Structures are given as structure tokens and as C-alpha cells.
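Residues per chain are reported as follows:
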Amino acid sequence: MKLYAKTAHELHDMLVAKEISAAELTESVLAQQAATEEKVGAYITTLADEAMAQAKAVDEKIAAGEKIGFLAGIPGAIKDNICTKGIKTTCASKMLENFVAPYDATVMTKLAAENPVVVGKTNMDEFAMGGSTENSAMKITHNPRNLDCVPGGSSGGSAAAVAAGSAIWALGSDTGGSIRQPASFCGVVGLKPTYGRVSRYGLVAFASSLDQIGPLTRDVTDAANIMNVISGHDMMDSTSSPAEVPDFTKALTGDVKGLKIGLPKEYFGAGIAPEVASSVKAAIEQLTKLGAEVTEISLPHTEYAVSTYYLIAPAEAATNLARYDGVSFGARVEGADIVEMMTNTRTQKFGPEVKRRIMIGNYALSAGYYDAYYLKALKVRTLIQRDFTEAFKSVDVIACPTAPTPAYKIGSMVSDPLAMYMMDISTVPLNLAGLPGISLPCGVAADGLPIGLQLMGKPLDEMTVLRAAYAYEQTQDYHKTLVPEGGAE
Amino acid sequence: MKVTEKDVNTVAVLSRLSFSPEEMTEYAEKFSAIIDYMDILQKADTADVPPTAHALPMQNVLREDVVRPSIDRELALLNAPEKEDGYFKVPKVLEE
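Read top to bottom, the protein sequences are chains B and X. Residue numbers for the first sequence follow the working numbering, beginning at 874 and rising by one. Residue numbers for the second sequence follow the working numbering, beginning at 6 and rising by one.
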């Protein structure tokens, strides 16, 4: 198998055993990036020279006999809404087309201590608003499993890069499913940590009470290892959790005997493609064979989740995006006076979906509608959270599809924003409740497109989510067969 | 609920966005469909239910008030669309 197609933990072992060099590995990934990028379009910025310099520095450490971190010398990609000092952070928006962050996000500082190789910044829906990466102002990203299809979103570039072999791992962000859904569409593993587990400092804010950074990887082991690197309290993020961080790799036991899995009936209803439902049920059957106990549960307020999310997230977005006023950073379009300058800047530099969400958000927050929409949504959010609290009294983990369908054709949904919002039904409840969840491959549809299994856990209990995910992963070989194809030799 | 073009216009002004008449009509239509869908929430019984603004039960997170280095002026002005003498520059705000 080519080096670019391997997992980070396999490559780490090979580096430690001096079977390969970081430079050789990085050359393999960069060659695959060069070979696939024209068709896939996962990246906004590629960093070949910087990557090779980072790789050579790791090789020197290894030669000097120094102990290296898990990600040392392993090429990865960063979603372009995570601030990287000295490297453009565009959020796939004309508004930030030339923005160079003056500081590193906390996750970048934590990664830097490991000496990883960063091969680029990935494409996304503008300001992370969307589920297909079609809302990028920069380019369209194609699903490496089927180039006619979307990679999902908003972390579509990160998922596509890992699936195409143009990165071994990637970071994304998840506000309403933006790590899990593209992971499902591209056939990779995507973990959304508990709200507060990973610092949001330096993540360009979309909806501050929902946003969370997490890994996209080839397998569950890599996800656990990256969680060990990026998790932990950060004084720069007042919403960061002070909870102790466990060694997530301790969850990778393969043992799920007696684990109680809940199947929420509301997540298997109308709108779920039959092949998605059958693949997910087959995966749950595998877990019962390993000794897990499965019971049907109810999350009765699920029908309100999409409406609740699409009021709260746009309201927070409208507030967060008020900072783009053409004054201190970002684009400016001149006008006769300051209000006209701000209006021209925002009108010309935000894309249609971003404007739509700002409008919905400000409508929901405006006098006369605040109680009926925004405040009502916050109350229903409580009910959705209580559903989970109640369910987790009797089960350890909840299993369901990540998305109602496999990836769809590029351009097929863009004219109907509401239909696109409804695709988020299985992923948004988790963000509203602040819980951890993972998506991992559990099947391949007739047309070769992957299907994702979603496992959700209690607050701060990524351990149980990883334990169930790892045990299931060991029973099948999607993570071995869904490997990058073609490209570099 | 029907969202009118007047509503759209008011929110656009508040949002510092402007739309062409055609965009305004399209927005009013799609907006109405989206807001109609949101009305499902009115079905939910939220009497005596407190609002949740944040998933984590954390309040008043404080730290020691000590002086620490912060970003220097040159770096802070790096991305400014227009600057002068160490300040951000904007079109005139006050009348003569």
C-alpha cells in the first residue's frame, strides 16, 4: 500500500522503527495532493514547501534519537476557519480572502508541540454555513468516491482530503454536523467532541454555543490519538471545560460486553434512505454479536431539532458576523459614508447563504419576533437536551444514521435551502445538547458511496463513544477498503 | 406567517445588507417558507421550561486579573483595510 493511503498510527510506527522517513512520507502525500487536487479540489491553500521543511526537521529529531509525538512528521490538513499564524485563513469567503491571522488557534499551538506536517488549508462552506461545501466562494470540492457528488460539509475539504489521500488526517469544525456528515459522505471517521472539550480560541466563530473542533481520520484509533493532542482546558476560551482529559486510546479495547446501546425510533423514520437504514441496523447487529445490549428508545422532541437549530445558529451567526464591517480586518468596499461603506462591504463580500442566515438570525432577534422565535427556540433546546439526559439514564450510547442519505449530486439541492436544512435532522440535536458523537463508515451504497454510522455519548464521555466505534470497526473492513485510489505512484 | 418585503427591508437595514428589488422578492418568498417551517415550534409545550443558551452549565468564568503580553500594534493593524499613524482609518463619522 502506498504511504499516502495508510493511517497515522501505522505511519507513526514506521517512522519510529525508521522504516520510512518523514520526508519520504510527505513526498508521497504531496504527490497524491498534486495528482488529485485538480479533480477533487479539497484545498484553498497548499503548503508543499513548508510541509517539506517540517518533515525534514522531524527526520533530524529522529536521527538525533529524540522521542517524537504521535503526529510528528504525519501530513495533515486544517479547515480554513482555524487561525494559522502567517498563513491565510479565508473561511472560504471573499470577506477574508486576504486575511492572515496574527495568531495561532489553540489547537494549532497544541499540534505544533507534536511537530506534525501541515500540507494545506481545506475548502469549506463559507463561514461553515452549509452541508455540501458548495457555498464556498473559492471553489467546488468533489467527493473522491464519486466526483459528481458533493463531499458533504461544511468540513467537506477536510473529509475529501483524507479520503483522497492528500492528507492522512485533518481538523474540521462541527456546528450542526459539519464534521460527522462529510465524514459519512466521504467514508472516513469524524469525531465531534463534547462542547468545551477542545478550545475554540482561534476558530472563526459561526455559532458560539454550538461550534466545536474535531478530527477527521482514516480510522477510530487515529481519532482517539488526535483527541489526546487537541483536548483540554484553555484559559483563552471561557467556554472551555475544566474537566480532566483521559487517555482516549484506553477506550480502544474492542470490548463492548454489556454496553447498552439505544436506538432512537425518531431517527429511523421517514426520509431515511432504505440502504442507509439497513446498513446502520447491520452495524448495530454486529455490536450485539459482540455482547452489547440494544434497546429502542425515544427522543420525543427530535421533530423540533431542525427548526430550533436554524433559529439559534443563524441568530448567533448574525451577531458574530457583525464584526465584518470593513474597519479592522477583512475586505472593505468604499462608500460615501461609513454606513454605506459597511453596507457595500457586507453586500458584496458575503455569499448568498451567509446573507440568508444573517437575515434569518436578525429577523428572529428583532423586536416583535424575539419571544416567538429566538426565545422559543432556546426553550425547545432545553427540551431536546432533557430528551438526551432522560435517554442516557438507561443507555450508554445512542446509535443512528449520520445522514439520511449518502452523498448527493453536486448542484441538486442548491435551489432549495429548506430541503438542505432538513438533511441535518440526525446531526443537529447533538450540537444543541453539547454532546460528543462520531461518524464512521458502516456500508457502501449501490453506487459506491459510503454510509455512516453515528454514535452519540453522554457529556464528556468520548471514551464510551470511541469504545463502541472501535469495537465495531474491528468487525469489518470499510476502513481498509475505503482507501484512496489512483493518483500518485 | 407571511414575511413581507417591508419586513425583509427592515431586517436588511439592520443587517447592513442591501438587496436588489428582484432579490428582495426572492428573499421574501424563501424567507416565508423557512419561517413557516419554524412555526412547528409553537406546537411544543414550553410552559415553565427555562431557555438554554449554552449546553454546558458554566457561569461567570473568571481568571486572575494579571497583566499579560498581548498582540502588538503592528500585528493588530496587519489586516486593516486602511490605517494611519497606528490607527484604523474609517470614512468620516461625525458631521462638521
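Since the hints were made in silico from the structure, they are not lab data. Accuracy of the hints is not assured; some may be wrong.
[Stated by the list, open to error] Away from chain B, derived, C-beta distances all over 12 Å, residues of chain X:
#, residue
1, Pro26
2, Val72
3, Asp90
[Said to hold, decoys possible] Keeping only pairs whose Cα atoms sit at most 30 Å apart, straight-line, the calculated DSS-like set for lysine-lysine is:
#, chain 1, residue 1, chain 2, residue 2
4, B, Lys1228, X, Lys97
5, X, Lys35, B, Lys1133
6, B, Lys967, X, Lys48
7, B, Lys1266, B, Lys1252
8, X, Lys48, B, Lys1266
9, B, Lys1282, X, Lys35
10, X, Lys88, B, Lys1222
The structure presented is a predicted model; accordingly, all values stated were derived computationally and were not measured. Heads up, the beta-carbon is just placed ideally off N, CA and C, and yes, glycines get one too.
How the hints compare with the structure:
Listed as outside the interface, Pro26/X is consistent with that label: its C-beta sits roughly 14 Å from the nearest C-beta of chain B, beyond the 12 Å cut-off. For Val72/X, the condition that its CB be more than 12 Å from all CB atoms of chain B holds, with the nearest at approximately 14 Å. Residue-level check passed: Asp90/X sits 15 Å from the nearest beta carbon of chain B, beyond 12 Å. Simply put, Lys1228/B and Lys97/X have alpha-carbon atoms about 26 Å apart, close enough for the 30 Å limit, and the pair holds.
A hinted pair counts as satisfied when its Cα atoms are at most 30 Å apart, and Lys35/X with Lys1133/B does not qualify at roughly 43 Å. A threshold of 30 Å between alpha carbons decides the hint, and for Lys967/B with Lys48/X the separation of about 40 Å lies outside it, so the pair is violated. For a cut-off of 30 Å, the pair hint linking Lys1266/B to Lys1252/B stands: about 22 Å separates their Cα positions. The straight-line distance between the Cα atoms of Lys48/X and Lys1266/B is roughly 26 Å, inside the 30 Å bound, and the hint therefore holds.
Taken as a hint, the Lys1282/B and Lys35/X pair is honoured in the structure, with Cα atoms around 22 Å apart against an allowance of 30 Å. For the proposed pair Lys88/X and Lys1222/B, the alpha carbon gap of about 20 Å is at most 30 Å, so the pair holds.
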